[in-house]
Structures are given as C-alpha cells and as structure tokens.
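Build the full structure now, drawing on both the sequences and the hints.
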Amino acid sequence: MEETIKIFTGHGYWTPLIWTLAALGVLILAILLWSRGRREYKRGTEQELPFLSGEKAENPRVGAPHLYWGFVEALRPFLSPLRDWHSGLINDYAAWFLVVLGVALLLLVV
Amino acid sequence: MSVHAPILAIAVPLLGGFAVPLLARLHRKVRDLWVLLVVLFVGVCVGYVAAHVFTQGIWVYVLGAKNPQETLAPGGFPIRIMLTVDAMSAFMGLIAGFIALVAFPFALKYIPEEEGKTLSLTLGILLLAGILGMAYTGDLFNFFVFLEVTSIAACGIIGFRTWTSRAPEAAFKSMLLFSVSGLFFLLGVALLYGEYGALNLAYVSAQIRGSVVDRLSLALFLAGLLMKAAAAPVHFWAPDAYGEAPAAKALLLVVNTQVSLYGLWRVLFTLYGGLSDAGVGWLVVSLGLLTMVVAALMALVQTDLGRLVAYGAVSQIGYMMLGVGVGLVALSGRPDYGFVAMQGGVFHMLNDALTVGLLFLCVGAVEWAKGTRDLRALGGLGHGLPEVALAFLLASLALAGIPPLNGFASKILIYEGSFRLSPILTAIAVLCSILLLAVFARAFQGAFLGPRGEVEGKIPWVFLLSIGLLVVGILVLGLVPGFFVEEIVTPAAKALWQGRALYLAAVLGG
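Just so you know, the sequences run in chain order A and B.
Going by the numbering used here, the first residue of the first sequence is number 2, and it counts up by one from there.
Going by the numbering used here, the first residue of the second sequence is number 2, and it counts up by one from there.
Keep in mind that the hints were calculated from the coordinates and are not lab data.
Accuracy of the hints is not assured; some may be wrong.
Stated by the list, open to error - Per label pair, the in silico range of CB-to-CB distance:
1. A:Leu22 - B:Ala279: 38 to 44 Å
2. A:Leu80 - B:Val31: 49 to 55 Å
3. A:Gly89 - B:Val4: 25 to 31 Å
4. B:Glu457 - A:Pro78: 39 to 45 Å
5. B:Ala378 - A:Glu49: 19 to 25 Å
6. B:Gly65 - A:Trp86: 46 to 52 Å
7. A:Ala95 - B:Gly198: 30 to 36 Å
8. A:Leu99 - B:Gly117: 33 to 39 Å
9. B:Phe173 - A:Gln48: 29 to 35 Å
10. A:Trp86 - B:Leu37: 41 to 47 Å
11. A:Trp86 - B:Ala506: 32 to 38 Å
12. B:Trp164 - A:Leu33: 51 to 57 Å
13. B:Glu457 - A:Ala95: 37 to 43 Å
14. A:Asp93 - B:Glu457: 36 to 42 Å
To be verified - Residues of chain B clear of chain A, computed beta-carbon distances all greater than 12 Å:
15. Leu41
16. Thr56
17. Gly58
18. Ala66
19. Pro234
20. Val302
21. Gly372
22. Pro387
23. Val463
Remember, it's a predicted structure, so these values are computed and weren't measured experimentally.
Don't be surprised by glycine CBs; every beta carbon is placed ideally from N, CA and C.
This is the structure in structure tokens:
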C-alpha cells in the first residue's frame, strides 16, 4: 500500500499521505476558528457589498489586471523587452528559428 | 484483431476522420455517435497496446509482411514500414488516448453546428491519428509524414474561427513555422537516407557513427522539433494557437506539442543515443529554463484568460525539457540523479496534459457561460459556476506544483534531479513555479471571485463530466503517485535512459 503512494527522489522520498493529513489538521483548525466568529452576517443584504472608502460603487469589482499592479510595475523593465520580443511578426519568428538552428549547428558541427 | 492493435489505433481515426463529413449527411446524431465510437475504439487500442508493452516488452508491428512480427525482409534488411512501440511510445499513446476521451465529448456540445462542427470534429480526429502515428512509428520518413498530418490538422483547428481576425492570423503563423520546421526535419531525414540508404529508425541508429552528416542531421532535427514543441525562443506560435483554437480542441494541441517533444527524445536517446553529448543536453536544459521563465513572465501580463492559460502551458514545456535535459547531460555516466530527473520530466508530460487540459476546459466553460474570456470583463463567476471555479483552482494549484497535487509529484523529481547537476537550475525552476502560482491566483481572482457575476444558462452535464474526469485524474495522480511512477513512468523513462539496445534488438534481432 505504502509503495503505491511513495515516490523516491534520490535524496529521500515524497509521500502525499503525511502532507494531506497535515493539511486536514489545518483545515479543521480553520473551521474551528471560523465557527467561533460573529454570526450577524446575512446573505443578500448590504453586508455583502465591499467597503470602498465608504462609497457604494456600482461595479465594485477589482479586476484581474489590478491585482499585483505594483509587482508587475516593478517587473516592467524585464516585461517590456519581452513583450517587444513577441512582436507578432512572422519574419521575426522565422529569424529566431534560424538562430536556434545556427546554435545547434555551431554546437554539433563546427 | 488484438494482434493489429497498434496499426488500428492509427488507421481507425485516420479513416474514421474522413468518414465524419459523410456520416454527417445522414444525421448529426449518427456523426456524433461515430465520433464517440472512434475515440472509444482508439482508447481501447492504446490501452491494450500499453498493457501489452508494459508487461511483455517492445511491440514491433510490420506492415506488408505475411507475419506482422517479421521485421527483416529477405536479405536481412528492415525495408518495410514498421511501428515500434516501446514503453515511451505506449506512454505517449496513453496520454493521447485519455485526452481524446475527455476532449471529444466536450467538443460535441461546445462547438455550435453553425460554426462548422463537422469539419472541426474531422480535423480533431485526424490530429489524433497523426499524434498516435508519431508516437508509434519506427520509421523516420513516416514520422515526418505524421508530423505533417498533425501540422495540417492543427492549423485547421487553430484557424477554425475564420470569422474572427486573430484565428486565421494565428493559423497562418503556425502553418508557416510548422512548414519550415517540417522541411528542415525532412532535410535531416534525407541526409541520413543519402548516407545509409535506409529510413528505419533502429537500422539508421545502429549505423550512425558521428560523421559530419550525422551531426548536421541532428542539428536539423533539433531545430525542427524544438520549434514544433514550442520551446523558447521558437515558442511564439503556441500562445496564439492555444489561445485562438476552440477550447475543447486546445487540449489536443497540447498533446500535439508533447508528441513533438517525444520525437525529440526519440531522436536524442534512441537514434543518436550512441553519441550521447552533454553539449546537446545543456542546450535542452538552457532552452527549458528560458521557456519556463519567458512563458511565466508573459503569462503575468495577459488579460485574456485563454492566452494566460496558453502561456502557462508553454511554461510547462520548460519543466519537461529541464527534467529530460538533465538526463541527457548525465547520459554518458548514467548517475542516479539523471534518471530521477528523467522520471520527473516524463511524469510531467502526463501531469501537464491533465492540468493544462483541465484549465482549457474551464476556459471553454467560462466562454460558454459569459461569451468572453477577457479578464477585464469577467468576475464573480464562482457564484454561478462553482464546479468550474473549483476545477480551475485545483488545476491552477497543480500547475504551480502545490502539494499534494500531481504537478508537485513530478516537479519534485525534476527539482531533486536537477539540483544534483546544479542548484541554480532548481532555484530558477522553483521561482518560476512561484510566479505561476501568482499568475493563476490572479486569473482565479479575476474570473471567479468578487460580487456575483451574471451567468447565461447552465453548464451542460457533459462539460462537467469531462471536467470531472480530469479532476479525478489530477487527484489520483497526486495522491497515489507511487503506483503510476512505478508502473508506467519508470518503464517509459527507462526506455529512453537505457532502452536503446532493446529497441534496436527488437527490430534488427540479436
């Protein structure tokens, strides 16, 4: 039975059984904490509306592009050249194929 | 009939695909039933072939001989067309068969009649036939033929939505790049044929001595197959292709990429196995790292859910290349860590097919319900599509390699194997996984969380069936990885790692 679960990695082994049991323990703890929370919450009422600086926004959704905005901005110096690299031009793409072929030829033939 | 299972797995979809438009003229339900029967038959065939190969060894099937096991023609020369199915080929066939069983029922409901459903199904079945042909063939020229079959069918699927502007453009780019890579591959085959007068993979492999022509051919094979496998910096076609193809068919395109990677392994380990070259291994490892870094970073800035998943799929190609590339670097000394990395790389092919497949089906379900994949317009779908949201979350976590899911099981083998070669490789791979977790957390938040989003109608039960099958696959592979690693991954990795002599002996005798 143990052999069907365990995989050997060279250094040791990985078994999802222990990890799953630990995760279940954490889940039970989380449920216990949650069950001790406040009970005034009611579905479908104003309580469901997000609090945005005290204003009731019509579409209070935080879209995916806004998530990690700062993180993405910090990566901009790396991302901009990458986006330029994906130019959409077939000539560029074919040229990169020639580059890979050239590297392979250098490595194997020259 | 079971004696002919390898060829039936290819011939039935090849002929069955062309029968689809004819049967559609009788009745749509007859066509749909036929498609399901063909896919089911292929599933049974690849399952039978895999069971046979994993228990009894390499299965050689010769066409045109009185006895399908008669590999050598009079004179002792393997001149006939031949299928040579070892554990790695059978493993690849299993992936293709399973994904087809999931993708086609989904496609039957997903693609509207007025959008040319019949042609789409035909192309899908032909793509499946080409994939299985590439996996099973033991002949270099036939490999090229099936490579072209997959290219043509794939381009048809990519550009299927001709009424949009982006799909035909993506198909045009893919067609051009596939043609270039296919022609360079053919040139490599022609050079070897000119040198040895043979096309049989085992025979040519036995003859190769490392001449300039041999090395020139290898460079051509490498460039051609890396392009088709969507490795950076020749991956550009893949995000467009995956993103523009109907979601139900994007799964098959992922398997199409994987089978090109399989072709690369076959060339490097079996055809040129006697010339194990650490330099080629390092090239594969370097391009693998480049692929995962570039794709993960590009996924971060996507606003189209389909393209985001497409970049996620490309990044996973990098992990497979890293795992098997480490094995290639270590091939001459054959240390244990090389084999562990290869096990991880091979296992990741199966895990990738399931996780990326599930993500594409979820994208399809979202598009079905909302009519868009634009993350700026989506949101709050978790209220109306709870099953799809949970499946997307599960697949995202698996793709990012979060334990105890299947993606982690294969990635830990890659991490530990590559760590012994250089800790820097592992560090980059782990960082990319963290980046992918951030990318998919963002996608999940954008599409499924937030105030309730309006959903048009209910998700058809057949969508949930296909999604459910992949969810079960991900959970089973994640929770009992030992069984699958032992029974199918290890034999497949061994077939590459040390199976060359057996492969040659199965065809040439001795």
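Inset, instruction - Hints the structure violates: just list their numbers, smallest first. - result: 3, 9, 11, 19, 20
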